[in-house]
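For this one, chain A is given, so just place chain B on it according to the hints.
Chains as they are written, first to last, in the numbering used here: chain A, 282 to 470; chain B, 282 to 470.
Everything labelled a hint here was simulated from the structure, so no lab data went into it. One should not assume that every hint holds.
One copy or two, either will do: identical chains are not told apart, so a pair holds if it fits within one copy or between any two.
As the list claims (entries may be wrong) - Derived pair list, reagent style SDA-like, types lysine to any residue, alpha-carbon separation capped at 20 Å:
| # | residue 1 | residue 2 |
| --- | --- | --- |
| 1 | Lys468 | Ser304 |
| 2 | Lys468 | Glu416 |
| 3 | Lys468 | Ser420 |
| 4 | Lys401 | Glu446 |
| 5 | Lys468 | Gly378 |
| 6 | Lys468 | Asp365 |
| 7 | Lys362 | Ala377 |
| 8 | Lys468 | Glu418 |
| 9 | Lys468 | Ile359 |
| 10 | Lys362 | Asp430 |
| 11 | Lys468 | Glu323 |
| 12 | Lys401 | Lys468 |
| 13 | Lys468 | Glu417 |
Here the structure is a predicted model, which means the values were calculated and not measured.
Protein chains: 2
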Amino acid sequence: MRNIILASGSPRRRDLLTTAGISFEVRTSDADERTELTDPAEVVQELSCRKCLDVLRQMPSGTVVLGADTIVAMDGTILGKPEDEADARNMLRRLAGRAHDVYTGVTIAEQTADGKLIRKQFAVRTAVLIGPLTEEEISAYIATGEPMDKAGAYGIQGVFSRHVEQISGDYFNVVGLPVHAVYEALKNW
Amino acid sequence: MRNIILASGSPRRRDLLTTAGISFEVRTSDADERTELTDPAEVVQELSCRKCLDVLRQMPSGTVVLGADTIVAMDGTILGKPEDEADARNMLRRLAGRAHDVYTGVTIAEQTADGKLIRKQFAVRTAVLIGPLTEEEISAYIATGEPMDKAGAYGIQGVFSRHVEQISGDYFNVVGLPVHAVYEALKNW
Numbered sequence: 282m283r284n285i286i287l288a289s290g291s292p293r294r295r296d297l298l299t300t301a302g303i304s305f306e307v308r309t310s311d312a313d314e315r316t317e318l319t320d321p322a323e324v325v326q327e328l329s330c331r332k333c334l335d336v337l338r339q340m341p342s343g344t345v346v347l348g349a350d351t352i353v354a355m356d357g358t359i360l361g362k363p364e365d366e367a368d369a370r371n372m373l374r375r376l377a378g379r380a381h382d383v384y385t386g387v388t389i390a391e392q393t394a395d396g397k398l399i400r401k402q403f404a405v406r407t408a409v410l411i412g413p414l415t416e417e418e419i420s421a422y423i424a425t426g427e428p429m430d431k432a433g434a435y436g437i438q439g440v441f442s443r444h445v446e447q448i449s450g451d452y453f454n455v456v457g458l459p460v461h462a463v464y465e466a467l468k469n470w
Numbered sequence: 282m283r284n285i286i287l288a289s290g291s292p293r294r295r296d297l298l299t300t301a302g303i304s305f306e307v308r309t310s311d312a313d314e315r316t317e318l319t320d321p322a323e324v325v326q327e328l329s330c331r332k333c334l335d336v337l338r339q340m341p342s343g344t345v346v347l348g349a350d351t352i353v354a355m356d357g358t359i360l361g362k363p364e365d366e367a368d369a370r371n372m373l374r375r376l377a378g379r380a381h382d383v384y385t386g387v388t389i390a391e392q393t394a395d396g397k398l399i400r401k402q403f404a405v406r407t408a409v410l411i412g413p414l415t416e417e418e419i420s421a422y423i424a425t426g427e428p429m430d431k432a433g434a435y436g437i438q439g440v441f442s443r444h445v446e447q448i449s450g451d452y453f454n455v456v457g458l459p460v461h462a463v464y465e466a467l468k469n470w
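The following block holds chain A by itself, in its conformation from the complex (with noise of 0.2 Å):
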């Protein structure tokens, strides 16, 4: 299998490769994440595909570049990481009890030596079922601090997997990254 680029600085995706036995380096990117773009699965491939896009041109021919996106829909809307405690409180007490769905968009590129580019983009869903939360656990988790740089305000695996009732797909892609579709991407790459 082929060494890629993950255009990631998340720690998660970065644990889901080295677990899944994947060989990567990492090379972030500034690609902005702002869009007009509203439905989740378009918006984590567009936003994957920029991470990556952004990351390829600045490599040589003939290196593949990985990037992912990961968010929260419910309802219709998109739930990105929390802008504060607040934020990550009304987001927690949202998910509390219901079902939603964690979308990872991924888009892995490469530029041929004779200038052509290759491209794979996917995007999987999992839905996720979360357990009811009082104000105490609500609270009790923000002050762990885990909720603030993740869509949802969650981190499925960490201590907040006491709250996870069920997931239906696949558990890695709300990790950050769906290990299996990637790794058969790779595979036939």
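Quick look at chain B alone, frame taken from chain A:
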């Protein structure tokens, strides 16, 4: 929440409880793991109960003990830990490209100061869909040594993550403990 005794030597269960913020100490059990039961949900509850009560009887009253047991079930057959590499290879060939169920049984019990035994017991099922596996992929996975101490010959949280297409249910149940159900049971203990 009460401190508990975890009647299991599994490092995965320790990690899950630690991550979920549940305080515990470990006492391993020597309970016999043979059973004539064949229904997966009954098997894991029975074995979790034996481990739990085996440790409970060595503890002072007022101690809360948690026992757990995890198995893989497919086509009416129960897959435990593989006996050797050939057994692991057979299990992985069977799991490849298909869905199976992972059951974890949990028993939580306490002997009160006035001699009463309080006990909660349940089993949680998670469906897991594995992608197609080539003989090379199976050999590479066996070479890591990971399959040998794991029911069904795989650990979802390791390099095998790349072969897991999707799950339906509690992810942590597949790792070895249904964290949300355990948290709710202990919260209301």
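Next item on the list: Would you pick out the hints that fail for this structure and give their numbers low to high?
Entry: Of the numbered hints given earlier, those the structure breaks are 6, 9 and 11, listed in rising order.
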